[in-house]
Amino acid sequence: MSTHYPLDDANRAARDAAASSSNHSLGPGDRIERHAAVDRVFHWTTALTMFVLLGTGLLPIVGIRFAWVEIHWIAGILLTLLVLFHIVRSLVWQSLRTIWIRASDVGELTGKKAPGKYTLAQKLMHHAFTLALMTAVITGVLMLSKVRTPFLERDPYLFTEKTWGIIHVLHDASALLSLTLVIIHVYFSLLPEKRMYLRAMVKGWLTREELKEHHDGDRL
Amino acid sequence: MELFRHGHDVWGQPVVDGLAWSLLDVAVGAGLAVIVIHFIYRAVKMNSSHKRRS
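Quick mapping for you: the protein sequence lines, in order, are chains Z and L.
Numbered by our numbering, the letters in the first sequence go through residues 1 to 220 in order.
Numbered by our numbering, the letters in the second sequence go through residues 1 to 54 in order.
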């Protein structure tokens, strides 16, 4: 049986966890939904888009030459749409409280407090990706004006060369930060003790036992 | 180490073109450094908790 435990409904999740610890009506193997299907599709589509963008953006720099520009801007538009979708979904259907860093999260470092839905490390990773992707998307959209596309009149003189320089620096910095973050993110997702989070991002669920062992239902 | 790529504008004035691509190595190196440091920390922590249990 799968109990609904959506990212966006913190109160329901807390009640769910509290109910299970009080009446034990469900066994320890019960599945509790951590990520809804739509969020998992968003995550893996974003991941694939990121790999395409990093590959098309950085492989030519290390000497692997191919026609990368068209693939890059098309993937960039897809990433922009994904980011917009995520912003709307998190503002309208989800609770920002679950991902926001609070002073009480520091208690996780000393082991005095169990994390809520997301650990402090997961929140920091999310915020770092937010910074990198927002920078990449905003500068990338501006850089579209330098590329020949079917829907925009090409205008490389939209900004002065000095301004373009700043835009390029920010775009490059966001790409390099993304690369570092992807390396770290993939490493942590493959660690045996973190495997449950990878499973949750593939299949959607944690067991009730895992939730009780690693998370605090009252802080969800 | 150079931080930026430089070029010239139409008047021949030097302008910044972007970040220096040598920073690509730094980005990869930073990611790998986090992995190595965490892997060592994890091994030490697992070893000490294993000793405490036995």
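Check each hint, because a few of them may be wrong.
With a straight-line Cα cutoff of 30 Å, these simulated DSBU-like cross-link-like pairs (lysine-lysine) come out [as the list claims (entries may be wrong)]:
#1 L:K51 / Z:K203
#2 Z:K112 / Z:K123
#3 Z:K162 / L:K45
#4 L:K51 / Z:K194
#5 Z:K194 / Z:K123
#6 Z:K212 / Z:K146
#7 Z:K194 / Z:K112
#8 L:K51 / Z:K146
#9 Z:K162 / L:K51
#10 Z:K162 / Z:K112
#11 Z:K113 / L:K51
#12 Z:K212 / L:K51
#13 L:K45 / Z:K113
#14 L:K45 / Z:K146
#15 Z:K123 / Z:K146
Think of the hints as simulated: they come from the structure by calculation, not from any bench.
Consistency of the hints with the structure:
With a C-alpha separation of about 35 Å, the suggested pair K51 (chain L) and K203 (chain Z) falls outside the 30 Å cut-off, and the hint is violated. The suggested pairing of K112 (chain Z) with K123 (chain Z) holds, with an alpha-carbon distance near 18 Å, which does not exceed 30 Å. Restraint check for K162 (chain Z) and K45 (chain L): not satisfied, since their Cα atoms lie roughly 50 Å apart, outside the 30 Å limit. A C-alpha spacing of about 22 Å is found between K51 (chain L) and K194 (chain Z), which places the hinted pair at or below 30 Å, so the restraint holds.
Restraint check for K194 (chain Z) and K123 (chain Z): the C-alpha separation of about 15 Å stays at or below 30 Å, so the hint holds. Taking the CA atoms of K212 (chain Z) and K146 (chain Z), the gap is near 52 Å; set against the 30 Å cutoff, the hint is violated. At roughly 20 Å between alpha-carbon atoms, K194 (chain Z) and K112 (chain Z) fall within 30 Å of each other, so this suggested pair holds. In summary, the hint linking K51 (chain L) to K146 (chain Z) is not supported, as the alpha carbons are separated by about 61 Å, beyond the 30 Å threshold.
At roughly 60 Å between alpha-carbon atoms, K162 (chain Z) and K51 (chain L) are farther apart than 30 Å, so this suggested pair is violated. At most 30 Å may separate the alpha-carbon atoms for a hinted pair to count; K162 (chain Z) and K112 (chain Z) exceed this at roughly 50 Å. Note on K113 (chain Z) and K51 (chain L): the hinted pairing holds, with a Cα-Cα distance of about 24 Å set against a maximum of 30 Å. Simply put, K212 (chain Z) and K51 (chain L) have alpha-carbon atoms about 26 Å apart, close enough for the 30 Å limit, and the pair holds.
The suggested pairing of K45 (chain L) with K113 (chain Z) holds, with an alpha-carbon distance near 19 Å, which does not exceed 30 Å. With a CA separation close to 51 Å, the supplied pair K45 (chain L) and K146 (chain Z) exceeds the 30 Å bound. Of the pairs offered as hints, the one joining K123 (chain Z) and K146 (chain Z) is violated, with about 35 Å between alpha carbons and a cut-off of 30 Å exceeded.
This entry does not satisfy hints 1, 3, 6, 8, 9, 10, 14 and 15, going by the numbered hints stated previously.
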